Amino acid sequence: MRVVALETLQLAEFPFLFWLRVHTDAGLVGTGETFWAPGPVAAYIHDNVASYLLGKDPRDIELHDRTLGSVYVGARDSGAEVRGNSAVNIALWDIYGRALGEPVWRLLGGRTHATVPIYNTCAGYKHVRATKKNALFERGEDWSLKSGDSNEGPYEDLLAWRYNAGDLAKSLKSEGIGAMKIWPFDIAAEASNGTRISLVDLDKALEPFHKIRDAVGRDMEIMVELHGLWTLPPVLRIAEALKPYDVAWLEEPIRYNELNAMAELARHTSIPIAASERLASRQMFKQLIDKRAASVIMIDLAWCGGLSEARKIANMAEASELPVTLHDCTGPIVYAASCALSATLPNVNYQEAVRAYFTGWYTEIVADIPPVRDGHVAPLEGPGLGLSLRPELFQRPDAAVRITRL
Numbered sequence: 001m002r003v004v005a006l007e008t009l010q011l012a013e014f015p016f017l018f019w020l021r022v023h024t025d026a027g028l029v030g031t032g033e034t035f036w037a038p039g040p041v042a043a044y045i046h047d048n049v050a051s052y053l054l055g056k057d058p059r060d061i062e063l064h065d066r067t068l069g070s071v072y073v074g075a076r077d078s079g080a081e082v083r084g085n086s087a088v089n090i091a092l093w094d095i096y097g098r099a100l101g102e103p104v105w106r107l108l109g110g111r112t113h114a115t116v117p118i119y120n121t122c123a124g125y126k127h128v129r130a131t132k133k134n135a136l137f138e139r140g141e142d143w144s145l146k147s148g149d150s151n152e153g154p155y156e157d158l159l160a161w162r163y164n165a166g167d168l169a170k171s172l173k174s175e176g177i178g179a180m181k182i183w184p185f186d187i188a189a190e191a192s193n194g195t196r197i198s199l200v201d202l203d204k205a206l207e208p209f210h211k212i213r214d215a216v217g218r219d220m221e222i223m224v225e226l227h228g229l230w231t232l233p234p235v236l237r238i239a240e241a242l243k244p245y246d247v248a249w250l251e252e253p254i255r256y257n258e259l260n261a262m263a264e265l266a267r268h269t270s271i272p273i274a275a276s277e278r279l280a281s282r283q284m285f286k287q288l289i290d291k292r293a294a295s296v297i298m299i300d301l302a303w304c305g306g307l308s309e310a311r312k313i314a315n316m317a318e319a320s321e322l323p324v325t326l327h328d329c330t331g332p333i334v335y336a337a338s339c340a341l342s343a344t345l346p347n348v349n350y351q352e353a354v355r356a357y358f359t360g361w362y363t364e365i366v367a368d369i370p371p372v373r374d375g376h377v378a379p380l381e382g383p384g385l386g387l388s389l390r391p392e393l394f395q396r397p398d399a400a401v402r403i404t405r406l
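Residues in the sequence shown are numbered consecutively from 1, following this note's numbering.
Just to be clear, a hint being listed does not mean it is correct.
Claimed, not checked - Cut-off 35 angstroms, straight-line C-alpha distance, at most; resulting in silico cross-link-like pairs (DSBU-like, lysine-lysine): (1) 211 <-> 243; (2) 243 <-> 173; (3) 291 <-> 312.
Claimed, not checked - Quick list of the computed label-pair ranges, beta carbon to beta carbon: (4) 368 <-> 63: 36 to 42 angstroms; (5) 214 <-> 154: 35 to 41 angstroms; (6) 246 <-> 405: 31 to 37 angstroms; (7) 392 <-> 152: 30 to 36 angstroms; (8) 292 <-> 245: 22 to 28 angstroms.
None of these hints come from the bench; they were simulated from the model.
In this text the structure is predicted, and so the values were computed from the model without any measurement.
For glycine and all other residues, C-beta sits at the position ideal for the given N, C-alpha and C.
All chains, full assembly: derive it from the sequences and hints.
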């Protein structure tokens, strides 16, 4: 079997997302995906990866992973090279599973969990959608992209946690979802460049936590997303203020490459630190683990190098008695791959999910989505990843399609 073509897809409506199809002479097609600034990723795939991968056997996944990951520049951060390599790796695993007629999770060693609990990242339907080319840098007041009316259904969870967090918690509980992630401190961080938070701003940011605990008591885990926006002194104040709410973790409290500051924070708070979706390669995660800068290891398949690298990172965390969680606030391909990997990991604690996505726009991109029942997700059972891009996507007027052939 040989790779005969690399096909990439970008949609203007989804300016963060990049899709890849790897075609083989056996008629099998593997699908990959990554997230953020897809233009440079597409250039890397066609200008660099194609000259190596075309003509190769796609089943030699470890060889290709090692070769593409040993580039002189860009191999240790989640830049275009690593994001592109992540998409390639996911697509190659998809081909391997399809060739054997088995789901990827079985090829990764089989399930250690039939299902994995999810936490709902409380974003809305239009959180990553846009109609403007410069949408990457234009945010609406609700932090969705500026793309007009976003009231598409019952799961406008971003607006809900900002204004009706208690009702949102009740809604999640009614569906069996027992964990939720919110980010009420970001406005204060952006106003001060992360250097300070006033007591007034602190009290305002704490309001959703009051409402959640008043509505459902302790019967809801609350994850706090901080987006790496803070310096150490204000985040120490935030951590102290959050103690009465017994939150599950502080996610990315300080910029991901400031490991010494993160480690100092970890020493001064009893709240677990979750990091870091933005790290790439097991070498970077080894530094995070060795410094004990995080006690929940968060991995994003779209940014770390794909399924192969994510599994190695998870194994490293297990050897250090640390749990892992699979980050996913991206697209349906990475979500399916993450759910497949999560099912195989003995040290996984949660799989991230966004109910506004998997009940909403994911269905426009793919026909099959990992099923969520009673707050738990199961991997897809079909061969490979168990899903494919809808063919009509490639005919959309906002589609940018490029193919490089052998």
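We went through each hint and held it up to the structure:
1. 211 <-> 243: 15 angstroms, holds
2. 243 <-> 173: 23 angstroms, holds
3. 291 <-> 312: 18 angstroms, holds
4. 368 <-> 63: 36 to 42 angstroms: Once the Cβ atoms are compared, 30 angstroms apart, the range 36 to 42 angstroms for residue 63 and residue 368 is violated.
5. 214 <-> 154: 35 to 41 angstroms: At roughly 22 angstroms between Cβ atoms, residue 154 and residue 214 fall outside 35 to 41 angstroms, so the hint is violated.
6. 246 <-> 405: 31 to 37 angstroms: 56 angstroms, violated
7. 392 <-> 152: 30 to 36 angstroms: Given about 20 angstroms between the Cβ atoms, the range is violated.
8. 292 <-> 245: 22 to 28 angstroms: 24 angstroms, holds
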